[in-house]
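Asker: Take a look at the letters that make up each chain.
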Amino acid sequence: MAKLTKGETGEWETVIGMEVHAQVIAKSKLFSGSATTFGAEPNAQVSLVDAAMPGMLPVLNEHVVEQAVRTGLGINAKINLHSVFARKNYFYADLPQGYQISQFEDPIVGTGTIEIDLPDGTIKEIGVTRLHLEQDAGKSLHDQHPTKSYVDLNRSGCALMEIVSEPDIRGPEEATAYLSKLRMILRYLGTCDGNMDEGSMRADVNISVRKPGDELGTRAEIKNVNSVKAVQQCIDYEVRRQIDLIEEGGTVKQETRLWDPAKMETRSMRSKEDAHDYRYFPDPDLLPLEIKHEWVEEIKQTLPELPDQKKHRFMKSYDLSAYDSSVLISERARADFFETAAKGRNAKLTANWVINELLGGLNKENKNIKDSPIKAEQLGGLIELISDNTISGKIAKDVFATMYETGQDAAAIVEEKGLKQVTDTGAIEKIIDEVIAENPDNVAAYQGGKDKLFGFFVGQVMKKSQGKANPAAVNELLKKKLK
Amino acid sequence: MLEIQAEHRKTLNMTIDKETVQKVAGLARIKVTDAEQEKLAPQLSHIIGWIEQLSEVNTDNVEPLANVVDITPPLRKDEVTDGGYPADVLANAPEELEGFFVVPKVIE
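Protein chains in written order, with the working numbering: chain A, 52 to 534; chain B, 1265 to 1372.
Be aware that one or more of the hints could be misleading.
Said to hold, decoys possible - No more than 25 Å apart at the CA atoms, straight line, and that leaves these computed lysine-lysine pairs for PhoX-like:
id	chain 1	residue 1	chain 2	residue 2
1	B	K1287	A	K304
2	A	K199	B	K1341
3	B	K1287	A	K78
4	A	K190	B	K1369
5	B	K1295	A	K199
6	A	K445	A	K514
7	A	K175	A	K190
8	A	K530	A	K471
9	B	K1369	A	K314
10	B	K1287	A	K139
11	A	K139	A	K274
12	A	K471	A	K503
13	A	K501	A	K448
14	B	K1369	B	K1287
15	A	K532	A	K481
16	A	K426	A	K448
17	A	K471	A	K514
18	B	K1295	A	K351
19	A	K343	B	K1341
20	A	K421	A	K280
21	A	K232	A	K175
22	A	K503	A	K481
23	A	K471	A	K426
24	A	K426	A	K468
25	A	K471	A	K515
26	A	K274	B	K1369
27	B	K1295	A	K139
28	A	K232	A	K54
29	B	K1369	A	K139
Unchecked claim - A few chain B residues facing chain A, derived, Cβ under 7 Å:
id	residue
30	N1331
31	R1340
32	T1345
33	D1346
34	P1350
35	V1353
36	G1363
37	F1364
38	V1366
Hints in this document: simulated from the structure, not taken from any laboratory.
From the three backbone atoms N, C-alpha and C, an ideal C-beta is built for every residue, glycine too.
So that you can see chain B by itself, here it is in the shape it has in the complex (with noise of 0.2 Å):
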């Protein structure tokens, strides 16, 4: 857990380059051009800079907020009410076949 927020603070004081943007873009399955890594390398930096200014609070000794109402989650009873309706779960699909979704084959 310590390691784990020392970590972060790590991240926190880096600034972002070319490699983090395409790092990240990769993770997110997004296209960004060699231009626009360029250009989104500062503007990222400089809103990790912005959020970094929260590192300037001393938060020792405090643990996570996770809500600011004291209420526990609702829990629900296990009994079966819903699904049943494959065509609606299907409508959006792209491609379908016999009730099975039909994607590009993604296999290792």
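Chain A with its partners taken away, still in its complex shape (with noise of 0.2 Å):
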């Protein structure tokens, strides 16, 4: 159930429809040869085309199209093989064409859907409007110069998505998912490296709220919101105002409003009425992009397994609960991780261990999966140690500590520590009678009734093994000789 919002006049619904901004993952620009790599010399990378010289003709980029419609496959969408480059007109100093190139009408791809999962464990399906092919704009330096702007045109002309959700959200948390979810899509298609710092994914939140079951209120856009958490903070800041001026009798105002990441506020760009007047036209310079079916059919076959494919298989084949694979599938080298250390070994021993232990570690040092110090076949390597009883849990985690810092084998290390779990009945016997012999009380106590100290004479003999024994026949044996 979607959550409400309290007000002065009962309860609000959060209305949310998402534009998200991706930049395709390619070599050149959509329609020239020029590169795309981040962080170049200004205007190093910036063809005559980018620079909108006179006669220029653009060209599109295969590779580009492809990536669009892998995408749309990826989001289960309708695949339109045709489809129109048009102009949307308008004026910017980044922007030297004085037009975007842009897909209006006819878009390369339509309606599709996104599962979200939500922290219920509830999975929720978020429709797709379209996706469209687009250039970028240039990028503008406000604050080097009191009066003057600075313009670097590298940015000009790289492909970018825009995928447009169905005002199906309803509320952060069900945004930040949504977000989530869909750079988790694009970065397993390998078609958008999802880098919200790098400005090569960026979001527009269209909020607004009704009493529920009403009538859909009127939107406000918020731009510039180019984190997840901003995305949760600008909408509980934007909710909160809309809610509180209906309520003091005012109306919400459709416009443009720039998210403030400092000052946690979102304000009006107080754009003059006239600047959405795009006066979109096809493009002269471009025919119609027309596909064949086959080569979308073709595209298909190369799709790597997606995200909640993966998860559910995780689910089906090695019994992990959905927590568990939604955190293993989360990124496509944190579940070949998996996949690689659990192959033939204790599938849900190993989740435990990359989820609790490694993850766990690499998150404190803010670190990825790829950086992780024990490879994956060092950590199946821990696994079977545990499994065939060679070490304890207990003494494993000291192995892991170990593993992580010095890079080394389970078993090397295990062998020069001596930390082999003893399960010699004859040497664990032998420990058991001495620790009964220095504590006479305790014993008499236990067989009076105490059955709580049972408790503290395993870890009597646990310490006098240095954690060696192995906890289940010091459990038996023990048990045996309090009789």
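Each chain sits in its own coordinate frame; assemble them with the hints.
Answerer: In structure tokens form, the structure reads like this:
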């Protein structure tokens, strides 16, 4: 059930639609052969097409088209074999053409769906209205000079996919779940790197509020929302602003607002009312794009296993919980690591060690699975030693810590430090006898009915064995001896 | 789509008044004086009226024609073949600094 927000006049429902701009992974730009790598010297990756010199003609990048189709297939969307590029006209210093080549009436991808996982374990479908291809603009720096702006056109003409959702999202949790899932899918597909801090994925959030069951309210479009956290924060702020405004007798204006992460507020961009009169028309420089059904089918054959498919497979074939599975599949590298480590070993045990120990440790250091000092095969080696009772779970934690620090194999550490579990009953019995001899009072008390003291004896035996005694054997033998 | 076409027809039927000239000039970032607006409004109305003759043709169920030859657009391989000449790109810039175009401050 969607979360409602309390106001003076009762509860309000939040309605959200998102427009995500995702930079397409490609070596060259949408309509020119200049490079797309991030962080180059200003204007070093600009062709005369990108700089909009007179007489330059745009020529479409085939790979970008393939990437858009691949993404469309990844979100279960309709692929439009016929699509049209249109000019969206507006003036800005970092848009040298005076228009952006985009798609308007006929986008390359039509309606699709994205499944999101909510914190309570339920799954919700969010509709995707469309996905279209368009050019990115250049970059303006406004803070270098009191009266001037500096313009770098390196990003000008890079290919973007704009992915527009239906207003199916009902609150900040769903919005962040949507954005995370979309990013995960794009990364699995290899069509966008999803790096929001480098600007290769950006979100505009359309927010309105209404009383449950009412018609849709007037929406505000929030721009400059550049992290998953900012999505959450800007929705919290904007929902409160709109509810307070309406309850004080005001009305929400349909307008574009800017998220200010420093002040934690949205504010009106005070655009002129004409600013959105984009006067779209089909670009006369570009013929309508026609793609073949067979090509779409070929691309479909190359799709990787997608996050949701992988999650369901993990639940089914490894018998993992929905939560554990979703943690493991959140990155492809994580899932691969787990599968390598679990191969031929106890999968549930492996999942626990990957999630609790390894990811726990990496998260503390803000590291990624790719930076793991323990390789998947090495973790598998540790799992084997636990599974065949060579070491106890407790000792395994110490071995893990050493592996994490030194990158050594588990078996080598166990050998070197003499950590092998003692399963020899004779040796364990000897320790038990010592413990019993040293604690006559406790033995008497235990035999007199203080059952709780059993744990004390186990502890003493384990301590004397330096943690190496097999706990199951200790339990069994102790019970016998203390009778 | 149909809505857009209907909207389009509406435009064709309207005469261009002074306010419209002003609005279009604003969108195109062209300075048009009051006197010029007076002069341009009837002229533009005539042009629209002339084009409007096209709407006499019945185009129901006719797809828009994008090109008269039956070809699909050429596609490019995804290779870096261009760029890398910032000096040329900046050659016509009225002002530049350290590889950037420098323009009057544009921020809202």
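Asker: Run every hint past the structure and note whether it holds.
Answerer: Do the hints match the structure? See the list:
1. Between K1287 of chain B and K304 of chain A the alpha-carbon distance is near 22 Å, which keeps this suggested pair within the 25 Å criterion.
2. Simply put, K199 of chain A and K1341 of chain B have alpha-carbon atoms about 38 Å apart, too far for the 25 Å limit, and the pair is violated.
3. Distance hint between K1287 of chain B and K78 of chain A is unfulfilled; the C-alpha atoms sit about 41 Å from each other, more than 25 Å.
4. Annotation: proposed proximity of K190 of chain A to K1369 of chain B holds, straight-line Cα distance about 13 Å (limit 25 Å).
5. A distance of roughly 23 Å separates the Cα atoms of K1295 of chain B and K199 of chain A; the hinted pair therefore holds under the 25 Å criterion.
6. For the suggested pair K445 of chain A and K514 of chain A, the alpha carbons sit about 12 Å apart, so the restraint of at most 25 Å is met.
7. About 37 Å separates the Cα atoms of K175 of chain A and K190 of chain A, which puts this hinted pair outside 25 Å; it is violated.
8. Distance check on the hinted pair: K530 of chain A and K471 of chain A sit about 23 Å apart at the alpha-carbon level, within 25 Å; holds.
9. Taken as a hint, the K1369 of chain B and K314 of chain A pair is honoured in the structure, with Cα atoms around 23 Å apart against an allowance of 25 Å.
10. Distance restraint check for K1287 of chain B and K139 of chain A: the Cα-Cα separation of roughly 17 Å lies within the 25 Å cut-off, and the hinted pair is therefore satisfied.
11. Annotation: proposed proximity of K139 of chain A to K274 of chain A holds, straight-line Cα distance about 18 Å (limit 25 Å).
12. This hinted pair does not check out: K471 of chain A and K503 of chain A have alpha carbons roughly 29 Å apart, beyond 25 Å.
13. A hinted pair counts as satisfied when its Cα atoms are at most 25 Å apart, and K501 of chain A with K448 of chain A does not qualify at roughly 32 Å.
14. In summary, the hint linking K1369 of chain B to K1287 of chain B is supported, as the alpha carbons are separated by about 24 Å, within the 25 Å threshold.
15. Under the criterion of a C-alpha separation no larger than 25 Å, the hint pairing K532 of chain A with K481 of chain A is consistent with the structure, at around 11 Å.
16. For the proposed pair K426 of chain A and K448 of chain A, the alpha carbon gap of about 16 Å is at most 25 Å, so the pair holds.
17. Pair hint K471 of chain A plus K514 of chain A holds up; C-alpha atoms about 15 Å apart against a cutoff of 25 Å.
18. Distance restraint check for K1295 of chain B and K351 of chain A: the Cα-Cα separation of roughly 53 Å exceeds the 25 Å cut-off, and the hinted pair is therefore not satisfied.
19. For the hint linking K343 of chain A to K1341 of chain B, the alpha-carbon distance of about 17 Å falls within 25 Å, and the restraint holds.
20. This hinted pair checks out: K421 of chain A and K280 of chain A have alpha carbons roughly 24 Å apart, not beyond 25 Å.
21. For the hint pairing K232 of chain A with K175 of chain A, the CA-to-CA distance comes to about 12 Å; that is within 25 Å, so the pair holds.
22. Distance restraint check for K503 of chain A and K481 of chain A: the Cα-Cα separation of roughly 23 Å lies within the 25 Å cut-off, and the hinted pair is therefore satisfied.
23. Distance hint between K471 of chain A and K426 of chain A is fulfilled; the C-alpha atoms sit about 22 Å from each other, no more than 25 Å.
24. Of the supplied pair hints, the one linking K426 of chain A and K468 of chain A holds, its CA atoms being roughly 21 Å apart against a limit of 25 Å.
25. Our distance criterion of 25 Å between C-alpha atoms is met by K471 of chain A and K515 of chain A, whose separation comes to about 15 Å.
26. Distance check on the hinted pair: K274 of chain A and K1369 of chain B sit about 20 Å apart at the alpha-carbon level, within 25 Å; holds.
27. Only pairs whose Cα atoms come within 25 Å are accepted, and K1295 of chain B paired with K139 of chain A is accepted, the gap being roughly 22 Å.
28. About 20 Å separates the Cα atoms of K232 of chain A and K54 of chain A, which keeps this hinted pair within 25 Å; it holds.
29. This hinted pair checks out: K1369 of chain B and K139 of chain A have alpha carbons roughly 23 Å apart, not beyond 25 Å.
30. A distance limit of 7 Å between C-beta atoms decides the matter here; for N1331 of chain B the minimum to chain A is near 6 Å, and the interface restraint holds.
31. At about 5 Å, the closest approach between the beta carbon of R1340 of chain B and any beta carbon in chain A falls short of 7 Å, and the interface hint on this residue holds.
32. With a least beta-carbon distance of about 3 Å to chain A, the hint placing T1345 of chain B at the interface is held under the 7 Å criterion.
33. Given the 7 Å rule on beta carbons, the hint for D1346 of chain B holds: about 4 Å separates it from the nearest Cβ of chain A.
34. Residue-level restraint check for P1350 of chain B holds (minimum Cβ-Cβ distance to chain A is 4 Å; threshold 7 Å).
35. Of the supplied interface hints, the one on V1353 of chain B holds, with its beta-carbon coming within about 5 Å of a beta-carbon of chain A, less than 7 Å.
36. Taking 7 Å as the C-beta cut-off, the interface hint given for G1363 of chain B holds, the closest approach to chain A being about 4 Å.
37. The closest approach between the C-beta of F1364 of chain B and any C-beta of chain A is roughly 4 Å, which is under the 7 Å cut-off, so the hint is satisfied.
38. Taking 7 Å as the C-beta contact cut-off toward chain A, the hint placing V1366 of chain B at the interface holds, the least distance being around 5 Å.
The earlier numbered hints that this structure contradicts are 2, 3, 7, 12, 13, 18.
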